[in-house]
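Visitor: Read off the chains here:
Number of protein chains: 2
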Amino acid sequence: MAHEEVKVLSTWLSMFGLRVLIALKHKGVQYEYKEEDLQNKSELLLQSNPVHKKIPVLIHNGKPVCESLIIVQYIDEAWPSSENTSILPKDPYDRANARFWADYIDKKLYDAGSRILRSAVAEEREQAKKDFVEVLETLDGAFLTFSKGGLYFGGDDIGLVDVALASFLCWFKCYETFGDFKIWESSKCSRLPKWAEDVLQHASVKEGMAIAHPDKIVELVQFYKKKLEAGSK
Amino acid sequence: MAHEEVKVLSTWLSMFGLRVLIALKHKGVQYEYKEEDLQNKSELLLQSNPVHKKIPVLIHNGKPVCESLIIVQYIDEAWPSSENTSILPKDPYDRANARFWADYIDKKLYDAGSRILRSAVAEEREQAKKDFVEVLETLDGAFLTFSKGGLYFGGDDIGLVDVALASFLCWFKCYETFGDFKIWESSKCSRLPKWAEDVLQHASVKEGMAIAHPDKIVELVQFYKKKLEAGSK
Numbered sequence: 002m003a004h005e006e007v008k009v010l011s012t013w014l015s016m017f018g019l020r021v022l023i024a025l026k027h028k029g030v031q032y033e034y035k036e037e038d039l040q041n042k043s044e045l046l047l048q049s050n051p052v053h054k055k056i057p058v059l060i061h062n063g064k065p066v067c068e069s070l071i072i073v074q075y076i077d078e079a080w081p082s083s084e085n086t087s088i089l090p091k092d093p094y095d096r097a098n099a100r101f102w103a104d105y106i107d108k109k110l111y112d113a114g115s116r117i118l119r120s121a122v123a124e125e126r127e128q129a130k131k132d133f134v135e136v137l138e139t140l141d142g143a144f145l146t147f148s149k150g151g152l153y154f155g156g157d158d159i160g161l162v163d164v165a166l167a168s169f170l171c172w173f174k175c176y177e178t179f180g181d182f183k184i185w186e187s188s189k190c191s192r193l194p195k196w197a198e199d200v201l202q203h204a205s206v207k208e209g210m211a212i213a214h215p216d217k218i219v220e221l222v223q224f225y226k227k228k229l230e231a232g233s234k
Numbered sequence: 002m003a004h005e006e007v008k009v010l011s012t013w014l015s016m017f018g019l020r021v022l023i024a025l026k027h028k029g030v031q032y033e034y035k036e037e038d039l040q041n042k043s044e045l046l047l048q049s050n051p052v053h054k055k056i057p058v059l060i061h062n063g064k065p066v067c068e069s070l071i072i073v074q075y076i077d078e079a080w081p082s083s084e085n086t087s088i089l090p091k092d093p094y095d096r097a098n099a100r101f102w103a104d105y106i107d108k109k110l111y112d113a114g115s116r117i118l119r120s121a122v123a124e125e126r127e128q129a130k131k132d133f134v135e136v137l138e139t140l141d142g143a144f145l146t147f148s149k150g151g152l153y154f155g156g157d158d159i160g161l162v163d164v165a166l167a168s169f170l171c172w173f174k175c176y177e178t179f180g181d182f183k184i185w186e187s188s189k190c191s192r193l194p195k196w197a198e199d200v201l202q203h204a205s206v207k208e209g210m211a212i213a214h215p216d217k218i219v220e221l222v223q224f225y226k227k228k229l230e231a232g233s234k
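So the protein lines, in turn, are chains A and B.
Numbering follows my numbering, in which position 132 of the first sequence is assigned residue number 133; successive positions increment by one, without gaps.
Numbering follows my numbering, in which position 74 of the second sequence is assigned residue number 75; successive positions increment by one, without gaps.
Worth flagging that the hints you see were computed from the coordinates, not collected in a lab.
Heads up, a few of these hints could be off.
Which copy is meant is left open, because identical chains are indistinguishable; a pair holds if it fits in one copy or across any two.
What the hints assert, rightly or not - Derived pair list, reagent style DSSO-like, types lysine-lysine, alpha-carbon separation capped at 30 Å:
#1 Lys207 <-> Lys55
#2 Lys183 <-> Lys195
#3 Lys42 <-> Lys64
#4 Lys183 <-> Lys64
#5 Lys91 <-> Lys217
#6 Lys149 <-> Lys55
#7 Lys26 <-> Lys227
#8 Lys42 <-> Lys131
#9 Lys183 <-> Lys91
#10 Lys149 <-> Lys228
#11 Lys42 <-> Lys54
#12 Lys108 <-> Lys54
#13 Lys8 <-> Lys149
#14 Lys8 <-> Lys189
#15 Lys149 <-> Lys189
#16 Lys149 <-> Lys226
#17 Lys26 <-> Lys42
#18 Lys226 <-> Lys26
#19 Lys91 <-> Lys54
#20 Lys228 <-> Lys8
#21 Lys189 <-> Lys28
#22 Lys183 <-> Lys42
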């Protein structure tokens, strides 16, 4: 294959950016990582994603691809490989299911998690925690039929849903700290806690998420919350 | 091919449901259409989409697929065909671009359109109209590079972005009526008005959208607005 230039614009704590890194690691693609300062976005980011102006962006031989799940599917298609590292399954129905659950995570989990961190009103925060746990319980129910007896949503190896959900795990400590609860203990999830342990040990996930430290995320969110509180006094 | 059973659960005025019908027509797939009453959803709908409980749902040989853009991609993959009726392009980068713009329509256009219809405050309605027109202008800018000189976003034939956007056209009269404006005249779109004319003449779009009458949509929205007003007095 000709020399390829692969750049990722992201920030170390973005669950959406981490998905891209996990997928690239899984495919064995070398890339250059560029940390973005979201308070002062680079010209390259603004030019590469003029519509949303958001990270992550993958730039492959000068051509930008935006939106994390679209990037992950692009990576799967641009670097086709052996069955072992396919991120989407082959069967059209299985593919539709993988897209459905990845989309579900995007629509429901991020929102509930953000509300846990942002809510100043106790009642709203409790509702957010309840919503967050319910999303995980729904995913727990899906896991059993979806994983076909394997360790992952993707079966014997990680797939789109694993990539989409695993990237959230580094935020769990933060949700627990500011929500003052234990996620798994508050839930009826029977299978997902083990999935979380397993997926974090998967080489592609471990390497892709190496830049994201749960303790540092807690520290940073604490810093911004204090800054906000000071500003509102 | 063995006997296939294809059902679509939708309502006649849903832009999301219409996408599914356009895609099936484009592939030449025979289907049974089931009109849903959203005030009184069928057991089949609730069983087929227990997570979101929303239309449209495609049921293919007993197996449900949900979420309109996921369904359209499923149709493209489950009924692979000649290049002529491919809904997604072959090239991975072109596919990512098609997904990006279809996703953009979902994230931005529906919301702005709904705000035109719902806003009781004049200022909010004006902002919604401005947002709606801006989304179309952004799509207009994308069309030139995207269509590669063809009549459609998909080039010489319709593709994912055409399917995603065309289904909104039957709502334009409604947005114009209740927003008291002319969409194209209020915009700087140079190419999209012609695209709209062409795409509505495309056989798959014409047949798929035959059930959706712009005048009836206006009447129905008028009916619900009056009911709401009467209720709030």
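Visitor: What are the numbers of the hints the structure violates, in ascending order?
Guide: Failing hints, ascending: 4, 5, 7, 9, 10, 14, 16, 18, 20, 21 and 22.
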